[in-house]
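Got two chains here, separate frames each, mind docking them using the hints?
Take a look at the letters that make up each chain.
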Amino acid sequence: SAVISQKPSRDICQRGTSLTIQCQVDSQVTMMFWYRQQPGQSLTLIATANQGSEATYESGFVIDKFPISRPNLTFSTLTVSNMSPEDSSIYLCSVRTSGGYNEQFFGPGTRLTVL
Amino acid sequence: QQQVKQSPQSLIVQKGGISIINCAYENTAFDYFPWYQQFPGKGPALLIAIRPDVSEKKEGRFTISFNKSAKQFSLHIMDSQPGDSATYFCAARGGGSYIPTFGRGTSLIVHP
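Chains as they are written, first to last, in our numbering: chain F, 1 to 115; chain B, 1 to 112.
Note that these hints are calculated values from the structure, not bench results. All of these numbers come straight from a predicted model, not from anything done at the bench. Warning: the hint list may mix true and false statements.
[As the list claims (entries may be wrong)] Here are the computed lysine-lysine pairs in the DSSO-like style, where the Cα-Cα straight-line distance is at most 30 Å:
no., chain 1, residue 1, chain 2, residue 2
1, B, K57, F, K65
2, F, K7, B, K42
3, B, K68, B, K5
4, B, K42, B, K58
5, F, K65, F, K7
6, B, K57, B, K15
[Unchecked claim] Estimated spans, in silico, between C-beta atoms of each pair:
no., chain 1, residue 1, chain 2, residue 2, range
7, B, I18, F, P8, 36 to 42 Å
8, F, P39, B, I18, 37 to 43 Å
9, B, G83, F, G40, 40 to 46 Å
10, B, R61, F, N82, 45 to 51 Å
11, B, P52, F, T17, 45 to 51 Å
12, F, S84, B, S7, 17 to 23 Å
13, B, S55, F, Q41, 44 to 50 Å
14, F, S5, B, D53, 32 to 38 Å
15, F, G40, B, Q72, 22 to 28 Å
16, B, G16, F, S5, 25 to 31 Å
17, F, F75, B, N27, 41 to 47 Å
Ideal placement from N, C-alpha and C gives every residue a C-beta, glycine not left out.
Just chain B, same shape as in the assembly (with noise of 0.2 Å):
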């Protein structure tokens, strides 16, 4: 049973656009939320991450929106380049585990 639901699968948008990519889990014990980001060819980077004690969290261009009563996180990438054009996965950890559980990915393509 997949316990963090990433959406969509892939994402087309063009350059100057908003990028979302959703997740929502299933155990409410999860206390800490990465997103990574992972160019072909190299290994997922830590982009940028939230607590629930927040319910959003700006860095740069990328923000996380987090609603713990809908169990749901998102990332938005505000004025999108084709430099971010990468799979980008989101996670989930807590509940007594310092395992994270990833999503499936988002594959984004930002047209120049």
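The following block holds chain F by itself, in its conformation from the complex (with noise of 0.2 Å):
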């Protein structure tokens, strides 16, 4: 398994600005991914963030607006640029492990209003 933490694990923003994410794993993985999850619904998948390459990210979401670091095996963020309202939801930072089933892990989530 992993061990995920996510920061912070939430904030309230005003419309217009930029939220950076933090995520942290306490083991070495190759693939991190991230999602967002509205009240009541179901997991997307924003992007996949893999070290040493661009971030790969999904239909309906843009490098612009989610820029992604992935500067080394254990770490990522996710900003969410010039906010508006509806980018008010969970976002969730994801690993894959390597070995055995490779089972998909989620943190904490950071839950992110934005008036």
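Right under this line is the structure:
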């Protein structure tokens, strides 16, 4: 398994500003993911972040809005840029472990409210 | 097009009862089927998973039943407890993709 921490756990931001969310893993992992979960909804993949390469974004998500950094095998950041109330959501960091069934684990999430 | 259909959307069960959540998939290339449990304010936690080479997997009170021909799998929670109250997500992965497709989730409430 993997232990994942995220900072901040929650934040309230003004529209037009940006927020950077940090994700730290207790072991080295190749694949990290960022998800968005709107209230009462399922998990929507924003992008896959692999160390040493550009993040791969899913349809509907762009780098200018959600820039991602992956400086090493245990850390990643997601920035939500030029926020609007529609960005209010829970943002989840996730990792895929190597070996076995290559399970996927999630962090505790960052609850973002944009006013 | 949703590739994993989960039902019901919400479920209320009395303590000690059996909770059953169903999922159906379309992509026959899927070869790994995990279930996640999410408590309010927490991230999803891997609960139990199955591969299609077995029809059932049991871990404590939690059992996955898998029907490959029907392309369906389900989660059974025996002797449901109020502490089981959470949202449950099924998922499916495979066919050359390492990214799971998630169901829409089931909100389970277990009354004491």
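Going down the list of hints, with the structure as the test:
1. B:K57 / F:K65: Not satisfied, since the Cα-Cα distance of roughly 42 Å exceeds 30 Å.
2. F:K7 / B:K42: Holds - the C-alpha atoms of B:K42 and F:K7 are around 13 Å apart, at most 30 Å.
3. B:K68 / B:K5: Holds, at roughly 15 Å.
4. B:K42 / B:K58: Holds - the C-alpha atoms of B:K58 and B:K42 are around 24 Å apart, at most 30 Å.
5. F:K65 / F:K7: holds (19 Å)
6. B:K57 / B:K15: holds (23 Å)
7. B:I18 / F:P8: 36 to 42 Å: holds (39 Å)
8. F:P39 / B:I18: 37 to 43 Å: The hinted range 37 to 43 Å is violated for F:P39 and B:I18, with Cβ atoms some 28 Å apart.
9. B:G83 / F:G40: 40 to 46 Å: Given a distance of about 21 Å, which is not inside 40 to 46 Å, the answer is violated.
10. B:R61 / F:N82: 45 to 51 Å: holds (47 Å)
11. B:P52 / F:T17: 45 to 51 Å: For F:T17 against B:P52, whose Cβ atoms are near 47 Å apart, the range 45 to 51 Å holds.
12. F:S84 / B:S7: 17 to 23 Å: Between F:S84 and B:S7, where Cβ atoms are some 33 Å apart, the hint is violated.
13. B:S55 / F:Q41: 44 to 50 Å: Distance hint for B:S55, F:Q41 is violated at roughly 31 Å.
14. F:S5 / B:D53: 32 to 38 Å: With a Cβ separation near 35 Å, F:S5 and B:D53 satisfy 32 to 38 Å, so the hint holds.
15. F:G40 / B:Q72: 22 to 28 Å: holds (24 Å)
16. B:G16 / F:S5: 25 to 31 Å: violated (36 Å)
17. F:F75 / B:N27: 41 to 47 Å: Once the Cβ atoms are compared, 33 Å apart, the range 41 to 47 Å for B:N27 and F:F75 is violated.
Violated hints, listed in ascending order, are 1, 8, 9, 12, 13, 16, 17; each of the other numbered hints is respected by the structure.
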